[in-house]
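Engineer: If you want the building blocks of each chain, they are given just below.
There are 4 protein chains.
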Amino acid sequence: MTAKIRVTVWNEFRHEKNKEEVRRIYPEGMHAVIAGALRRDGGFDVRTATLDEPDHGLGGGVLENTDVLIWWGHTAHQAVSDEIAAAVQKHVLEGMGLILLHSAHGSKPARRLLGTNCTVKWRVAGERERLWNLAPNHPIAAGIGDYFELPHEEMYGERFDIPAPDQLIFVSWFEGGEVFRSGCVFERGHGRIFYFRPGHETYPTLHDASVQRVIVNAARWLAPLRRIDSARSMCVREPLEKIGGAGLPAPCN
Amino acid sequence: MTAKIRVTVWNEFRHEKNKEEVRRIYPEGMHAVIAGALRRDGGFDVRTATLDEPDHGLGGGVLENTDVLIWWGHTAHQAVSDEIAAAVQKHVLEGMGLILLHSAHGSKPARRLLGTNCTVKWRVAGERERLWNLAPNHPIAAGIGDYFELPHEEMYGERFDIPAPDQLIFVSWFEGGEVFRSGCVFERGHGRIFYFRPGHETYPTLHDASVQRVIVNAARWLAPLRRIDSARSMCVREPLEKIGGAGLPAPCN
Amino acid sequence: MTAKIRVTVWNEFRHEKNKEEVRRIYPEGMHAVIAGALRRDGGFDVRTATLDEPDHGLGGGVLENTDVLIWWGHTAHQAVSDEIAAAVQKHVLEGMGLILLHSAHGSKPARRLLGTNCTVKWRVAGERERLWNLAPNHPIAAGIGDYFELPHEEMYGERFDIPAPDQLIFVSWFEGGEVFRSGCVFERGHGRIFYFRPGHETYPTLHDASVQRVIVNAARWLAPLRRIDSARSMCVREPLEKIGGAGLPAPCN
Amino acid sequence: MTAKIRVTVWNEFRHEKNKEEVRRIYPEGMHAVIAGALRRDGGFDVRTATLDEPDHGLGGGVLENTDVLIWWGHTAHQAVSDEIAAAVQKHVLEGMGLILLHSAHGSKPARRLLGTNCTVKWRVAGERERLWNLAPNHPIAAGIGDYFELPHEEMYGERFDIPAPDQLIFVSWFEGGEVFRSGCVFERGHGRIFYFRPGHETYPTLHDASVQRVIVNAARWLAPLRRIDSARSMCVREPLEKIGGAGLPAPCN
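Residue numbers (the working numbering), protein chains in the order written: chain A, 89 to 341; chain B, 89 to 341; chain C, 89 to 341; chain D, 89 to 341.
In case anyone wonders, no lab produced these hints; they're calculated from the structure.
Hints are not guaranteed to be accurate.
Simulated crosslink set (PhoX-like; lysine-lysine; CA at most 20 Å straight-line) [to be verified]: (1) A:Lys330 <-> C:Lys330; (2) D:Lys209 <-> C:Lys330; (3) D:Lys330 <-> B:Lys330.
One-sided and incomplete, this derived list gives chain B residues near chain D with beta-carbon spacing under 8 Å [stated by the list, open to error]: (4) Arg218; (5) Asn221; (6) Leu222; (7) Arg247; (8) Asp249; (9) Val259; (10) Gly265; (11) Glu266; (12) Trp309; (13) Ala311; (14) Met322; (15) Cys323.
Beta carbons: idealized from backbone N, C-alpha and C, even for Gly.
Next comes chain A alone, as it looks inside the complex (with noise of 0.2 Å):
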């Protein structure tokens, strides 16, 4: 017997509170629609947590206690405290998987861990998006096809301002115009990144089978072997093999 994979689902949970038109879509939270999906699955163990408890819900070993962490976060990104920002890029770095939704591209976790501004182009139009798929034997594409199709997303749009992917998994194309690299894989330390566009809070992409269906799978793939501590760099006083040069090792200060 496989032991579970531990998924906690974060979400910034603030437009189901305020905006009606999300709460009518999810009226638990976009958290809750993907935990049922993870759960339904059979493979996980889930928990929740959102923007407004306590260390935003991911303190107390949470965080340590996480295979795999999935944020979404969009009008509040500086709400979430340096603190908890700098120990999810401790933990992805030590080996934890973080799966990136949609508008969670500008999070604190996701410019930390890559380094640029994450920037798009953006619209609200309710437009088509088809999401071709560039890597049908990759794990996290398994059961999709040539393509998907969403009929109503916001559109993203590039230049998505990010380093060079180290896997490209799913390209979108938007019915007004615009193209954007919608899946995207990160190494980073000891641990990976998968960034999935869709997501927007005003439409039920969350519902769709194969949105469930693509973080599902990734959640499976991004689970690390171990965790694994780089935090600080190692003096090696012993060289493993004779060295005749110039003096004596010095001190490891």
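Got chain A; can you put chains B, C and D on it based on the hints?
Structural biologist: Below, chains B, C and D alone, put in the same frame as chain A:
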């Protein structure tokens, strides 16, 4: 006539003042030796800046007027202000080239731009380093043969905690038994970064002709075509193509 | 004074002879239009070569004296001799630049160098193509804005069966609903390859100013520093360091 | 219950018959040792095939029923028929995993799939090799620490004439002064390739526990989700979106 490339050589410049063994090798500071090599080439307008100047010598429009910034830092990474580190990051993302020398792997600009711990194994034992040239047709390696050697250097060993480089130029062999990715190109935002490993302060590495050649090559290759500001996402209210979908574009707010 | 870059423009040159609609657009052949753009730039020594010449116009030292080869082929890929295809591969691996235009994705040189099927989805329906610029500070994209448009082009759609490009410069949006990686840099051996998608023979694409700009930019950027022959493995009988292990070096045979 | 991964271990199997020093180490052939390691793991259905069998042991549906092919070849690369080499390439592009061991860098399947010369520096001097682990959280490196050592191996040195690997897992240090990219993942078509350097026939390398561990790990990780045929471009006559442009779609011919 091509305009000269404007290079700023930044140095922590403390070892040279505090340690006799360093001052003997670099009496005017390591920045002076690097600046000299660039000036002899003739293709650069060179200035220097050091940690203990106001704004670390990088205020007052210096970064705005720098095509390529060279950075050497070691024991005083934390003495660099967050404001200046953020300004360096901003300018690299807009296009400014950045050469990170030796222990600058742990500097604030490096860690902000790369997002990882950037840690290494290390040992100061005067051992031989041989840098193998993996990209002999890359402009950074122009004039370098199959390899070049440094008789005495600090060892840096893998695992080097960096994102996979966009281009790997040099890999080092160390007498004591380690290897290291010693020449790494990273593209971030609209700028390029070159990490170059050699340059420990207690050895005359920066006087070495091959090391100077690589730095000069890199300074030329990293110079950007132009500066581009991508700090903000951009609302594209008017689509390029007619959208037949649900509802009108939302206002850009 | 910098030496001019020597470019050879190779064209299958059959459509222009067999199809009236193509001859109308390219009366002297597509190669003549490309060569004209390069000549107007002034930085190139340009010659042309076509399929039906002896050795396809590439014998007698032409490849040895070519810095960058531009290749357009479509219906007669199989008519290119294996010898010439192997020679093109050999020269690219030694450093010669190669620009593969449009349907050259299926050419023998492309498939030999990339190793994959290089297949695409396609449709000829006079639809609009918009090429988004993902790398505005890359020399290949110099002078190109956020995007450029072609009013009528053949569609190529993903999944494009190529290795992950070393650099992704353009991604196309098509009116009919597809996307495509339209500008791809690959480094192979000591040479660089640029695949550039536009250029269907029944449209005046190669007369387009942006298309010509990209081709001219690429021809400049792909020119190698030098030619390097790596066709044979090399025995290094004398080690650089003393070996204390078992037995003497074996003879190099 | 998960289905077993079907592995075919292919060996040139000539050194073991012609050279006493090789037969002593691998009396039943190197393929037998590799197959034994896979069988002890329990997760694989293992068969073997050798050069001098009809169709090199790879006809009659063997490749169609192989999830991962392991390839060891050295002096007889040219004795492999072009038909079988093309069939291996075809199956990798459809998804079959391929592990290239040691001197298989120069094999026909390697060169067809990678497109480069794949040449190396080399020396047989019984020297020590230390393989540094650059990707300790990658499934291929599961169970491997910071490095592992082989007391006596053939040296392979850079520059290794390969395309930049999609993932770099190991870099070797050699006693005689060279370095080498010893564990390289390449994605080609719908399949994955792992080049793994160790395995010279005159040393007992393939009996080494770490080497066997890496091969077993790789065989598990390279198994594809499915086979996908991308050998032909596909005409998409009916566009997904309405095209307002010039003329009707052309027939698909």
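Engineer: Quick check: which numbered hints come out false for this structure?
Structural biologist: 8, 12, 13, 14, 15
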